Amino acid sequence: MIPESLICLYTISRRETTRIFRIWVQTLVPPVITMTLYFIVFGSFIGSQLSGIKGFEYMAFIAPGLIMMSIITNSYTNTVSSFFSTKFQKNIEEMLVSPTPNWVIVLGFVSGGVIRGLSVGLLVSLVSLIFIRLPLHSFVYTALFAFLTSFVFSLAGMINGIFAQKFDDISIIPTFVITPLTYLGGVFYSISLLPDFWQMISKANPIIYMIDGFRFGFLGIADMRVTTGLGMLLIFAVVLFSINLYLLKKGTGIRT
Amino acid sequence: MDALSIKALKKRYGSGLEALKGITLDVKEGEFFGLLGPNGAGKTTTIGIITSLVTKTEGTIRVFGIDIDEDFSAAKRLIGVVPQEFNFSIFEKVEDIVCQQAGYYGIGRDQAQASCEKYLRQLGLWEKRRTTARELSGGMKRRLMIARGLVHEPELLILDEPTAGVDVELRRGMWDFLEKLNQKGRTIILTTHYLEEAEQLCSRIAIIADGRIIENSTKRELLKKLDRETFVFDVKANNLQIAPLEQVSFTPLDDTTLEVTITKGRSLNLVFEHLGRQGIEVDSLRNKTNRLEEIFMGMVE
Ligand SMILES: Nc1ncnc2c1ncn2[C@@H]1O[C@H](COP(=O)(O)OP(=O)(O)OP(=O)(O)O)[C@@H](O)[C@H]1O
Ligand SMILES: [Mg+2]
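Keeping their order, the protein sequence lines are chains V and A. Counted the way the working numbering counts, the first sequence spans residues 1 to 256. Counted the way the working numbering counts, the second sequence spans residues 1 to 301.
If we strip away everything but chain V, and leave its shape as in the complex, we get (with noise of 0.2 Å):
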């Protein structure tokens, strides 16, 4: 016999995955050709003149912080437009009315973010492939890194997903917060090369952890310590799963 809230996971995964699917144009392709035009312009046109960091071309320098680049917003879009939408169109309501445990439905869209992040991040690893060979230093790392970046947008997105109240409320945090933090989270210069006032306030943005430690995967230089990376991913995934339990149970967005 299979557990009940495994079927009820696995549904509400199957209905996330089929959507991403469903509607690949907008899911997956986007985030392809964007990361080709930044390999292209960056990495082509650009990088080219400059000089490598730490024994890296450039150009296999900012790969790994691209690939993140788009893991981080494709998890996090994924998850607070699915839910979003559920909620738009109400059929939230399926899952609330049947006896779905919360914590279901918390990992249901978070897989559904998981899934989306990491498949863009496989696609535009390959298409990076066009353009340099990428070393692979420790497939753990990347892996790790991966997955756990990926799990903690979602996580993001979803709680974001539960306070939307309107389609604008999907792109604000992802504008405003994420993209910035992103790029100013060394995918394009390694921190250590920045001025010592700079690089006291950049370890204060989380992301930069999860790019260096990614790119850790990757190159096996890194300009922090892994392990802090990992930790941090680690406290972040129990702390907004948390929170997305909080929400659901209070029913915040959901529930009147």
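Among the hints, a few may not be true.
Said to hold, decoys possible - In silico SDA-like cross-links for lysine to any residue, where the CA-CA straight-line distance does not exceed 25 Å: (1) A:Lys118 to V:Glu4; (2) A:Lys128 to V:Phe21; (3) V:Lys166 to A:Tyr13; (4) A:Lys180 to A:Lys225; (5) A:Lys225 to A:Asp254; (6) V:Lys166 to A:Asn87; (7) A:Lys236 to A:Leu195.
Claimed, not checked - From chain V, some residues computed to sit far from chain A (all C-beta separations above 12 Å): (8) Ile12; (9) Gln89; (10) Ile92; (11) Met95; (12) Thr100; (13) Ile105; (14) Asp168; (15) Ser171; (16) Ser190; (17) Asp196; (18) Leu234; (19) Val239; (20) Thr256.
Said to hold, decoys possible - For each label pair, taking beta carbons as the anchor points, the in silico distance ranges come out as: (21) A:Asp110 to V:Leu194: 57 to 65 Å; (22) A:Lys118 to V:Phe131: 50 to 58 Å; (23) A:Thr218 to V:Ser5: 37 to 45 Å; (24) A:Gly16 to V:Phe197: 21 to 29 Å; (25) V:Lys54 to A:Ala74: 58 to 66 Å; (26) A:Asp110 to V:Ser5: 13 to 21 Å; (27) V:Asp196 to A:Asp71: 40 to 48 Å; (28) A:Thr131 to V:Ser5: 28 to 36 Å; (29) A:Asp176 to V:Leu126: 42 to 50 Å.
Keep in mind that the hints were calculated from the coordinates and are not lab data. All values derive from a computational prediction rather than experimental measurement. Beta carbons: idealized from backbone N, C-alpha and C, even for Gly.
Could you slot chain A with the ligands onto chain V? The hints should help.
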């Protein structure tokens, strides 16, 4: 055992509006129960609380003896709901919507598909199983929601205006379907604005108005209360000052119309003779309202 037992249920919405002002209601197992009332009376709010979409302010609810405050999941397994408004994703396929719902109740894939097929066939939607919900007609969407509400074989089925916007033929088909379900032992609670529907289907009827239950009895008792009938007469007369007549009351509406209420069993001939003696000629007459509707209006006013 009571399929549903509601005690002193109150709901105050965030806006401060008190939608339910203390509702007490029991529905027996196997009953076909009608919940009637004007727009905004609190029917959907009550159903929302039973199905966890609305949080209650006060009161208790038991579903087959299970207190929802103690074990809502167990209670939910026994309930199937067909909401008033469409609440499925219009981008999903009919069979996916129904099978998914089974999945949310923890039902495995094979059993879910079997149950989905059974109800889609019974509701005449099997041919449409691969259609996206957005391409269904209004009546088909209603039936889709009925199939979805039944896929986990609930003991108690709650339908919130299931026949709104459904044509006469289809409505009769749905009535047959629901009657059969009820005969097989399912308890059904139905809200409707079609009194004919309540009269046809429900063995027991409660009337809710402004957040309060103002009537709760068997259909038979309710109909018995209706021992009077009201007619509207179009008349020719100089003067509508009418002498009193036993067990009949006359209310002039204007110079040429007269409302006449008679105790059942009194002959209309008597009324015509009485009016004729006073020089009032009846041109035509019509029945003002019919049956439940009449009781209903009398109570709500
Ligand atoms: N989410 C809400 N927030 C605030 N007030 C609400 C909300 N939902 C319903 N109400 C109010 O509660 C009252 C009862 O509404 P409800 O939907 O339960 O009525 P109803 O009996 O189902 O009416 P109808 O026959 O029109 O469907 C109404 O005054 C309505 O305006
Ligand atoms: Mg209603």
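Review point. In ascending order, which of the hints set out earlier in this document are inconsistent with the structure?
Key: Violated hints: 4, 5, 7, 8, 9, 10, 11, 12, 13, 20, 24, 27 and 29; rest satisfied.
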